[in-house]
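Let the hints inform the model, and build the full structure from the sequences given.
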Amino acid sequence: MKNVTAKCFAGFLIAGLSYIVISGIEASLTANSSPAEAAENLEWIAGGKLWIDRQMCHWFGACGLFHMMSRSGWTWTRADDEMPKPLPDWGDYWTSGHDDSKSWSKKQREARKIPQYVWDHAPYVHLFSGEQFWPCDLAEHLVHTSPRLNYTVIEEMQNDRNLTNLNELNDFEGGRSGRFMYLQSDDNVEERPKWLGGSFNKPDVPYAWDTGEELRVPDLSDLKGFDLQSAKQQALREHGIEAEEVTTPAMDRVPSQDGRCGGSSGYTCAGSSFRQCCSIYGWCGESEDFCGDACDALAGNCPDPLHPPRPIHRELRRKRRGNDSYRPTSSGRSAAPAILVVVPKEDGIVDAFWFFFYSYNLGNVVFNVRFGNHVGDWEHTAIRFKDGKPHQIFLSEHNFGEAYSWGAVEKYISAADGSGTMIGTWSNSTASRAAKRPVVYSATGTHAMYGTPGLQPYVLPWGILHDQTDRGPLWDPALNARSFVYNATTHAVLPSTLNPAAPVGWFNYAGHWGDKYYPLSDPRQYRFAGQYHYVNGPTGPKFKNLGRGEVCQGRGPCRIRDWLGGHKGAERLPEEEGEGVEEGGLPGGNSTEEA
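Mapped onto numbering that gives the first Met the number 0, the consecutive letters of the sequence shown carry residue numbers 0 to 594.
For the record, the hints were derived by calculation from the structure and aren't laboratory data. Keep in mind the model is a prediction, meaning the values are calculated, not measured. Virtual Cβ for every residue (Gly too), placed ideally from N, Cα, C.
Taking lysine-lysine and the PhoX-like style, the derived pairs with C-alpha atoms no more than 20 angstroms apart in a straight line are:
1) K385 x K435
2) K344 x K388
3) K84 x K193
4) K112 x K385
5) K388 x K435
6) K112 x K344
Derived DEER-like restraints, expressed as beta-carbon distance ranges:
7) E42 x E345: 44 to 54 angstroms
8) Q107 x A35: 37 to 47 angstroms
9) T94 x S69: 43 to 53 angstroms
As structure tokens, then:
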């Protein structure tokens with residue numbers, strides 16, 4: 000009896016502590032509710048199917064507890080009588096703009112040029128090695144979603160949305176100029192449809208076998224041990240008009256024989272006599288210089304307090320339309336385009352915003368409860384130039400962000416030996432003088448941007464709520480970017496001279512790029528201490544304060560940091576001439592209403 004009582008008391012304490020902590024998140028991330036939000040909240044609670052659920056939600060702030068405890072209702076099988084309709088061909092969405100570049104005057108052409116220094120100082124992005132939701136293409140995202148006015152399907156606009164006319168949703172009656180418009184997933188996101196994860200957009204990494212030759216068509220010599228007829232059908236499918244997925248050879252790294260590792264060397268430190276950690280600079284070792292911030296998670300074992308090392312497995316890559324073959328390269332290019340928006344300002348200031356889009360944001364976990372999932376995810380890195388020289392950099396993080404002086408962040412320069420490795424300014428004094436491109440880190444699931452690898456606590460003490468970054472696949476967004484020029488005074492955006500046919504309707508769309516936070520009646524939804532399992536999808540780049548006076552996104556004080564959180568290497572960087580507020584509020588995602 001005593002044991003039962005003790006267990007009940009312990010359970011009560013854990014539940015109480017969880018409530019207090021998560022209530023602290025609510026107090027930290029949400030402002031005072033407006034009357035309209037309060038009314039919407041009452042309507043949301045009233046939508047619960049169970050009386051007990053509605054009462055628990057109203058009086059104790061614990062909503063959808065049965066949904067949280069039983070995940071069997073999160074997925075379901077639809078038995079539609081009709082065959083699924085074919086998806087629109089989104090291959091030409093990015094060239095469907097109405098601008099006629101031949102009619103541009105010399106002055107107009109000059110205004111649309113992207114300065115070379117913007118490309119010279121473009122960021123590198125380390126995605127997390129165990130990421131599940133990779134960068135995605137807006138065009139593909141669009142064909143898997145349908146426009147909604149809050150929760151109501153807009154039938155007449157379901158099948159004709161593209162990147163050129165998406166802004167027409169702003170004029171829909173009752174949509175409040177786009178405020179109540181949402182692009183809701185046509186699939187149940189809990190079933191993880193392939194387009195949601197974007198695995199085929201994973202940046203290319205160096206392959207030791209990459210000789211520059213195209214992958215050949217399977218022939219009879221490849222069929223030993225296989226079903227001949229199945230193999231023939233597979234070959235036919237791979238060479239159809241619209242090829243589906245093909246399997247590329249795995250990296251197939253082998254233990255290092257001479258201490259070299261990573262890059263395109265084909266060697267890993269795992270199982271090698273030269274210790275277990277591979278530095279991104281291409282050598283095996285076991286000291287902090289190898290196993291610390293410089294540890295390459297793709298070519299060795301990196302200490303990870305939360306997850307075991309993740310080996311590289313055979314990947315599925317999608318053939319893009321118009322290509323007869325797919326060959327991975329060591330470039331770091333992703334098939335998902337980054338969005339570059341250049342904003343000229345007064346006094347020689349030019350801000351270059353690098354926006355990164357993901358179709359899904361996987362929220363973080365607090366006491367084994369996940370909060371803040373949402374469809375559609377925009378993150379950005381802003382680099383401020385003054386008189387053509389990089390001056391400051393801002394990294395978006397959830398509903399806030401951090402700003403740094405240019406000299407505070409690490410830079411990369413490609414190794415001249417063709418190994419595919421990078422030389423960083425934290426380890427090489429020569430690189431400090433030559434490297435121009437900053438390296439930033441994208442957190443697993445939430446894709447928040449940071450300046451260092453490792454655990455990234457935020458909002459709550461003791462690391463209860465945190466992101467995680469590492470030196471996973473290196474993404475070079477400059478290799479595949481759609482570039483635009485924005486006038487912060489007129490709020491007009493123009494495609495650059497590099498992609499004159501790029502549409503701008505998507506940029507002017509004022510609605511949300513994902514689902515509206517699910518109603519309480521939805522088995523996937525729950526709310527605890529004001530925090531939702533699923534929150535609203537975010538608004539797009541135009542609504543990220545592009546005309547900001549300081550480099551920080553928020554309108555409050557902007558503190559520019561000259562160092563990266565006590566990193567040992569930051570003190571060695573040469574001197575060169577804050578904190579921001581990312582709109583949104585719930586952990587891992589956006590608040591239920593955009594500011």
